[in-house]
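Asker: Chain residues, written in single-letter form:
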Amino acid sequence: MSHPSEQISAYLDGELHGQELAGLLEHLSGCGKCSAELEEFHQVRAAVRSLPVLELPENIVSEADRVVVPLRRNRGVWVGAAAAVVALVIAVAAMVTPPPTAVSVDDLSSRFGARVSLDPAFSPAKVVVPELNLVGE
Amino acid sequence: MVESVPLTWEEVARVYGRKIYNFAYRLTGNPDDAHDLVQEVLLRVRKGLANYQPGSFEGWLWRITRNAFLDDLRKRKRRPTSPLPDEVDRWDLASTESADAAYARVSLGDDIQKALLEVPFEFREAVVLCDIVGLSYEEIANAVAVPIGTVRSRIHRGRKILKEILG
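Just so you know, the protein sequences line up as chains A and B, in that order.
All residue numbers for the first sequence refer to our numbering, where the first residue is 1 and numbers rise by one.
All residue numbers for the second sequence refer to our numbering, where the first residue is 1001 and numbers rise by one.
Chain B extracted, bound-state conformation (with noise of 0.2 Å):
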């Protein structure tokens, strides 16, 4: 199926950025992580937009944006760094919002978050792109590049696990 193609990276940002940045977020699980990952993305989209063939855009853009988050892991295997503090503590206080309202919104999941970073990340990723940015499985197949059998046993495999930490 053609899709319309937005015109510019600032048009991506303003329809995507919210969906890449919570892709992001649900998958590293702190702030700084998914603000750095989405400024790649981005960056990405403007480069390759020039290039850009008619297909599926939100395609394209998962790929870009998966494509990102494992350079990102490659690079931090390559160079380690310290162990990350806890995520509240690393709330970008120069946000908009204060930091109370920061700390209450991401307590609401905490658990819920905690329990999904425990997940191998091809389940975690499965899951992310299921239940939070809200693809088919066919879209998630798409952008992974893997059959949707795989695609389907990935998200029940993912849930299984959260299962049993949640349970």
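Isolated chain A, as found in the complex (with noise of 0.2 Å):
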């Protein structure tokens, strides 16, 4: 006879359920060994059950928070160093870039004329430049 001794705690666990549960029930009814086996799985369920619960110590979600706030303030560190990367890269840049050079209206023309040499519908009377800083005029 075989005894169906893993189905006792899942009995115990509510966890049976249909043709098992019956056959377990039908079991028990006529087998003493595990009827006494119920009771010794119940009695020590109970006792772990029975355990006290304890209460989460205060300081414990307190130092979690303290332990979160330096990752906010290594985010914002990174942040800073990124941005102070940027700054540095346009300062390179700025510094290697030759600065704007005034526009005659002699090199105007002469752009113009390179122009109209390779697009005779091209007309420099009807370029308007209100930005430019003329010099020469």
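I should point out that these hints are in silico values taken from the structure, not numbers from a laboratory.
Careful: at least some of the hints might be erroneous.
[Claimed, not checked] Straight line, CA to CA, 20 Å or less: simulated PhoX-like cross-link-like pairs of lysine-lysine: (1) B/Lys1114 with B/Lys1163; (2) A/Lys33 with B/Lys1160; (3) B/Lys1160 with B/Lys1114; (4) A/Lys33 with B/Lys1163.
Please dock the two separately framed chains into a single complex, following the hints provided.
Answerer: See the structure below:
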């Protein structure tokens, strides 16, 4: 006769259903060994469940929060570092890029002249350049 | 089943902190380790909430808790420490209750706690998740990533070992 020992724990936990449950109950009604085991498992389960429920120490959450705070600061440090790198790149680019030169009328006419030689339909008279700082006017 | 998700890690701490602490305490047998584990879980929850996909929140939370515990166990194996003193000596005297009250409360289940610690980890874990945390077999299977049949078997074997120790 096989004894469904493993099913006894599941039965105690309400995890046995349908035919398994019916089969175990039928077996228990005629098996003193398994009935005794059911009682023993019931006591063990009750003993574990009788362990006092411990309250969460109050300092755990506040300490976890203090550990979290540096993470926020670290993120701020990284953002600051990234901004510094970007600023440095802009500064270096500004140093190596030659300053804009003033445009003279002669320069414009020579540039437009070159354009005219490539595009006969182009007319320098139609070009309006209001923002340019023209020297030599 | 889709469950509502706590919005912040502080809410997770408020709703689940005590359960995680009791799981950790019964699994490790001492308050300092339980304390450290809860903090580690809360940090992992805070980091992980942003990427949390709606689903079984408790399954997700207990997987994090279990992984944090196992990671700590692996660290200890790599870096062995001196044996832990008696748990009552290690009770956190800075906590809100008196040392006497703490001693009385811990001693109440002292034999059962000692017996639990003698049960191999995978059986102890299943028993604690079932009888201390109150998870169903399906929830335990989800948290531990094993079939329900394995959960049933582990709980049974855990209780059988406890019965022999306590009997």
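Asker: Now tell me, hint by hint, if it's right for this structure.
Answerer: Structure-based check of each hint:
For the hint linking B/Lys1114 to B/Lys1163, the alpha-carbon distance of about 13 Å falls within 20 Å, and the restraint holds. Simply put, A/Lys33 and B/Lys1160 have alpha-carbon atoms about 15 Å apart, close enough for the 20 Å limit, and the pair holds. For the suggested pair B/Lys1160 and B/Lys1114, the alpha carbons sit about 15 Å apart, so the restraint of at most 20 Å is met. Restraint check for A/Lys33 and B/Lys1163: satisfied, since their Cα atoms lie roughly 15 Å apart, inside the 20 Å limit.
In summary, the structure agrees with every hint in the numbered list given earlier.
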